[in-house]
Structures are given as structure tokens and as C-alpha cells.
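There are 2 protein chains.
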Amino acid sequence: MAKEGPDMMEETEFMIDTNVGKEPENVESSGDAKEMRAVILSGFGGLNKLRVAKKAMPEPQGGELKIRVKACGLNFLDLMVRQGTIDNPPKPPVVPGFECSGIVESVGENTTGFEIGDRVMAFVNYNAWAEVVCTPVDFVYKMPEEMSFAEAAAFSLNFVAAYMMLFEVANLREGMSVLVQSAGGGVGQAVAQLCSTVPNVTVFGIASCFKHAAIRDSVTHLFDRNVDYIQEVKKISPDGVDIVLDCLCGENTGKGLTLLRPLGTYILYGASNMVTGDTKSFFSFAKSWWQVEKVNPIKLYEENKVIAGFSLLNLLFKHGKCSLVKLVMDKLLCLYDQKKIKPVVDSLWALEEVKEAMQRIHDRGNIGKLILDVEKSPTPLMASDSTETSEAGEEEEEPEGDNDSKERMPFIH
Amino acid sequence: MAKEGPDMMEETEFMIDTNVGKEPENVESSGDAKEMRAVILSGFGGLNKLRVAKKAMPEPQGGELKIRVKACGLNFLDLMVRQGTIDNPPKPPVVPGFECSGIVESVGENTTGFEIGDRVMAFVNYNAWAEVVCTPVDFVYKMPEEMSFAEAAAFSLNFVAAYMMLFEVANLREGMSVLVQSAGGGVGQAVAQLCSTVPNVTVFGIASCFKHAAIRDSVTHLFDRNVDYIQEVKKISPDGVDIVLDCLCGENTGKGLTLLRPLGTYILYGASNMVTGDTKSFFSFAKSWWQVEKVNPIKLYEENKVIAGFSLLNLLFKHGKCSLVKLVMDKLLCLYDQKKIKPVVDSLWALEEVKEAMQRIHDRGNIGKLILDVEKSPTPLMASDSTETSEAGEEEEEPEGDNDSKERMPFIH
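Here the protein sequences come in this chain order: A and B.
FYI, in the UniProt record's numbering the residues of the first sequence are 1 to 413.
FYI, in the UniProt record's numbering the residues of the second sequence are 1 to 413.
A couple of the hints might just be wrong.
The list treats identical chains as interchangeable, and a pair is accepted whether it falls inside one copy or across any two copies.
Claimed, not checked - Cut-off 30 Å, straight-line C-alpha distance, at most; resulting in silico cross-link-like pairs (DSS-like, lysine-lysine):
no., residue 1, residue 2
1, Lys255, Lys294
2, Lys299, Lys234
3, Lys339, Lys376
4, Lys299, Lys326
5, Lys235, Lys326
6, Lys321, Lys294
7, Lys299, Lys331
8, Lys299, Lys255
No lab work stands behind these hints: they were computed from the structure.
The following block holds chain A by itself, in its conformation from the complex:
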């Protein structure tokens, strides 16, 4: 759904690079342009490290496609990139973003299977949040005709990750049960839909209370994040569940393992609890890392349990599993064509609104996926705006995020 009504911001800001000196809607976007607009992360830290600026137009190398981007996916991982709290972060300045949809604009040498004009969705190893990206053909997939660009940008990462966790790592079968943290998020909603393609699967969802009305029908049982959900799940299923999907990490790891049935699989697919505030803090990151409960393999042996980690981006860009992901995407597009799955879009944001979008995902305000709509104009400035003019590389820090405001609407400063 498009952002509207209560999702409107009371206060916002543009992040146009003051050196550019013109409004983004006037930026040239023809195929002959030498420059393009992109979101730039100038250094690790708070929201003030992000701005929209012009960059040289990329051109495809051999084996690559040049894609005119229509929509980009925004994931929790992008917040961790912003803070530098990921393994081997890139050296800033960098254009963030790992997935997009758009139209093939040109084709590099020795590149087959795609033609100019093809509607595609793609994984990109950074650089997705721009008007144009180039990416190897191995990471590009043709979109179904009836899929919108926003849907496509919401589809790739969430559904591929959900599918691979359920069917490649955990072997979901008829009659099993699944517990998903962040049931209202993009992966959570994909998990719920994919579970409904298997007979008699029980889905336990954890989500903040204010999301319950919107997502109640997508899961079998829904619990508030703030209640003792371990006890609630055990009341319904005393011996636990077959699969636990955890994107939070921290103390949830131990809880998740406790809830596993024998032969059950716990999968950690994110560590969003490591994003403790708005700013980079290596200390808080390291603290979180060490606080993660480590697992003794002998305990797994005695309890017949399985613990797994899943990072789709590492699988694609570090571990070279793009052929396997292609097979998974084929299966998913088949399910989409059969109308068994459909990505849930939370809201659309202009590139210039990336800070507000990030704040919304930080506050876990979203239901489904946040999309950067490259052709969208930013919401008009309010009278009380505080225009961002900080330069790349500056070390100024923004105040820590308000931990009591997880459920508030997107709003910054």
C-alpha cells in the first residue's frame, strides 16, 4: 500500500546535495545522461550520513546488465550498513542498497538471456539506491507481466530468503509448525505466505501489538512481542515448534532454542537487536556480539536440535550460490503466477526520503516492505523543516534513537 493518512510525516527534510543546486524532480534521466541521482552514504553513523547526490552514470561490463531503476527494497540490513555494524563493511562513500527492479537499458558484452526493455528485478552488491545500476546477469531475473515494480523490489530478497530458510535449510513439511519473529516485516509476511502453501502448517507470529489487526489473518497464532511468548506458545504446543526464524538475535537465540522440538531447526537470519541506537557504536556492537549466547554442540546432540545461520546476501555475493538462488526464484515466480504468494508493500518513499524510511524500519513501524520509489517526488517540506546540509565524512553524531518509540509513525529529529 502507498504511504497515506497516518503514515504522512509531520516533519521531513530533503537531502539534496547542496552542491547540486536543483530539485531532484528536474534531474535529467534520459539514457544519454552522464550523471544520475543516487543515495550516498558518506560515512558510518546516523541518518545524517545519508544524502542524495549526482554520480557518474555506470556502464555495464562484460556479463552485466545496465538497469534503469524503478524501485528499490529497503531492509534492516541497510541500517546495519549505515552504522558500519556488518562484517567487512565497504569503504565509504558508498551507494547502499541490495535489490531493485527496473528496465534493462543496455547489455554488456557477452551477456545473454536479456534484451533492452526487459522488466527485471535484481540483486546488487551495493549501489541499488540509484537511478541506474549495473549488475552481473547472474543476479537478474525477469519480472512476471502482472507484477508492479514496487512489488518486484519487495519480492526478491524477502521471498528468496524465506523460501530457502523454510525449504533448503529447514525442510518444512506437512504438519509442521513455524515460529517467526517480526511476523509483520517483509520476511515475516513472506514466511507466512509460503507456509500456507504447505498443508497443515501452524505459524506462530510475534509482532508488536499495533500490527496485529493488519496481519492477524496471515498467521495461525499471533503474540505480542512484549508478552512471554515462550509460555504462550507452549500453552498451545507443549513440545514446542519445528522451525524458529529469528532476525533479532541476542537473548532471542536462547529463547528460540528452548522452543525447538527435537529435530527442530532454529535459523538466525539477522541480528537487528545489534542496532541499538541511531549512531555507529563499535562498542555496543561488540558488546552485543559477545552477549550472543554461544551454543555447545554437545547440548545440540543431547537435545537433537539444529541451529543454522542464513544470510542471502553472503550466499549470493560471497559464497557464489547464484545458480541455486536462480532455481529458487523460478519456483517462487511459479507460486506468484499461481497467486499463492504476493509481496506486501508497506510504503513508498522518494530517494530523498530515505532517512524517514530508515527511521520507520528502525522503529519497526512497517508492515511488509519499505520501497524507495525512484520516480516518486518527496513529500513537500513542512514549515518547520530542518534542512540537512552536513557534508560527507563529518563526524557529528545525531542523538540516540528513542527506545520507547518503537511503534511510532516515521518521524525524525
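Here the structure of chain A is known, so what remains is to put chain B in place on it, guided by the hints.
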């Protein structure tokens, strides 16, 4: 194969309870007997804690079968039971043994599916090493006609464990690769055979050099335990393997994880490195436990790896998964009927030879399964025998096992 030639012991001993006062081959074994022979573990510790004695004949409760035992399986776990180095050990005196084959002698009330005279194999929660056992019908399976009792006693635990690890926990598929520690052992040989039922599976086996000639054909690549097998495997498969099966634990856990491909599964199914010597040593057990490298889930996330523990006995007797095991057994018996799998029997031993058999498995001298053949007479005493007469509960300690003699033939004292 039966024990013969070089497997013959130079020195042996009987363990007849001196109170019984007659040779075991004369013991009454008709269905009307009030007593039966059994191996008794009188306390935790060395081999001297084991003896054969008479016990009251058990009678089946409702839902149980009474089985006249023909053969029993001896597993590494039985050594850990003897030492008391398992989780929640039973209170001695206890009759060890978790699996046997035999003939149904009587049927408890409300017990269906079996008749007197049926040839069966069974899991037992202790008490298998006896002339007669009673066990719930849920743990009993009919033997194929062409299967011998020795084969049956070698079949249940090893093949069910191997099958469930490969296909339930790890999802073995065409083209994958498997590394198995202790390739020459009972589970190792079952793993190798089951892998050959899937097209194009590569099996890397680790075994002591002296076993290589006997098992070379069962695996694709075979390495000596004492070489740096990590490097050897990587020479052949630079990105590692899909499944690592580890029954050793300790430093092998870290090695196993290193060798895993992305999306690969490491399975710990035993901890035989914890059996450090011949005698009970809580200190050495605790030391081993803490030395096991604990796993940070975030590392699994970054590397896309899966770590699992598998204990079939816990699955059966603590976790109530006997229905699932029954389904697995049906599939295995189907493979046996098709002559795709066949248990490998290392050697047959009389109940009175349980110490020598245990020493052989402790020294990792076996290729395939060690079987206690209930009807077998012990090998005649040699001149230099050292008859064991220690009583239950005595705290005397035997000397530590010689760590340099892992590959020697069975030989005690």
C-alpha cells in the same frame, strides 16, 4: 565377518560371576526358566565393572514384547555408559545395551502386531545384553526373512542413525558431498552405503590406516586419521563439503565447521573423544566438555552454515519420536530388500567376552559392528589368563588405556 585369524586374542578371560559356579553354555535357556544370563555393570568405571551373572527373568507389561535375544549390538556409547560419562546415567547395577535381535517369546496385554515366534530387532532402553529382554512394541521391528540375527543387531541403530542424519537432518541430495569421521565404524559404513543410493554423491572417509584396505571401496576418498585431512579434502574439493558427520567431538568440531560449504550441515552424533581412558574420570569428562568449541550463531549467519546434534537414543527414549523412527525403518528395510544396503559385522563375541569386545571398540580396531552373540561360547582360556573376580561397587581402578595402541587387536591388561 566372524572373528578369526588375526582377530583371535592372545589372552582373554571369562567374567563368569563366581557365585554362579557353572559354565555359561550350561545355563538353562528354556522359556520356563526363572532366571537368565545377563551382562551386569556393577558401577561406573573400567572393564572390571562388567561381569555376566544370572538375573530374574523379566516378564512383559502391557504393550510390551518379551524377546529371546539372539544377538546384541555393541556401540561406542556403551563405553560411555560404562564410564558414567553420559547425560543422566542410570543408577548401577544395570544391564547395558540398547539394541538386539531375537524371537518373540511372549506378548504382553494389549499388544498387537506381533506374534510368538516372530523374528524381530528392537531398541531397548538398557537391558539388551541379556538372554531375554522386554520392550514396548513401539521399539520393535520385524526382520526380513533373509536377514541373520547378527545382521539385525548390526542394523537398527547404525542405519537408522545414518539415514536420519543424511535425509532428515541434512537433506542429502544428488551431487552433494559427505565427510564421515570413523568411516570404518558401524555408522560410517552405513553412511557410505546410504550415500551410494543417491546419484553422484562424493564420500570422504577418515579412518585409521590399517582399515584402508578393507573399506577403500566403500567411499570415494579415504584419508588417514593422522594426516591433515582438512587440507587433503580441500585439495580435492576447495570449497569444502555439504555434510560433515562427526562422532568424535573436541577439536574435530572446529575442523568440521571449517570444511563446510555454504548451506552445509555439520552433525555431531557422538563424542567418543570424551572417552579418554579405560576408567571413569569425571574430571577428564568435564574438561573435554568445556574444551568443545562453542559456536557463535552470528558466525553461522555470516557463513551460511548449519550445526546439528543427533542422538537416536534420546530421540527414541526421551523425545518420543518412535513413530518417525518406524517410518525410517520401513524405508531402510525396503532398501535392504533391494540389496542396496547390508550391515557390516566386524566380529561376534560371547556375553562373557564383552570386555574384550569393548576394548576392541575403544581401540577403534573394528570395521563395522561388534555383536554380542548370546548363544556363542567364549573363546577358551589361555594359560596366562587373569580371571576377573572383582565385586560390584568396588572402586579399584584399572590402568588407563594405552593411547598409543588405538589400532592394535583386542587385548586387555
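Checked hints:
1. With identical chains, the CA atoms of Lys255 and Lys294 are at most 30 Å apart both within one copy (13 Å) and between copies (17 Å).
2. Taking the shortest Cα distances, Lys299 and Lys234 sit within 30 Å of each other both inside one copy (21 Å) and across copies (29 Å).
3. Taking the shortest alpha-carbon separations for Lys339 and Lys376, only the intra-copy value of 28 Å comes in at or below 30 Å, while the best inter-copy value is 66 Å.
4. For the identical chains of this complex, Lys299 and Lys326 are inter-copy neighbours only, at 25 Å across copies versus 36 Å inside a copy, given an alpha-carbon limit of 30 Å.
5. Proximity of Lys235 and Lys326 under a CA criterion of 30 Å is satisfied inter-copy only: 28 Å between copies versus 40 Å inside one chain copy.
6. With identical chains, the CA atoms of Lys321 and Lys294 are at most 30 Å apart both within one copy (27 Å) and between copies (27 Å).
7. Within a single copy, Lys299 and Lys331 get their C-alpha atoms only as close as 36 Å, which misses the 30 Å cut-off; across copies the closest is 29 Å, which meets it.
8. Taking the shortest alpha-carbon separations for Lys299 and Lys255, both the intra-copy value of 15 Å and the inter-copy value of 18 Å come in at or below 30 Å.
Hint check: no violations occur; every hint is consistent with the structure.
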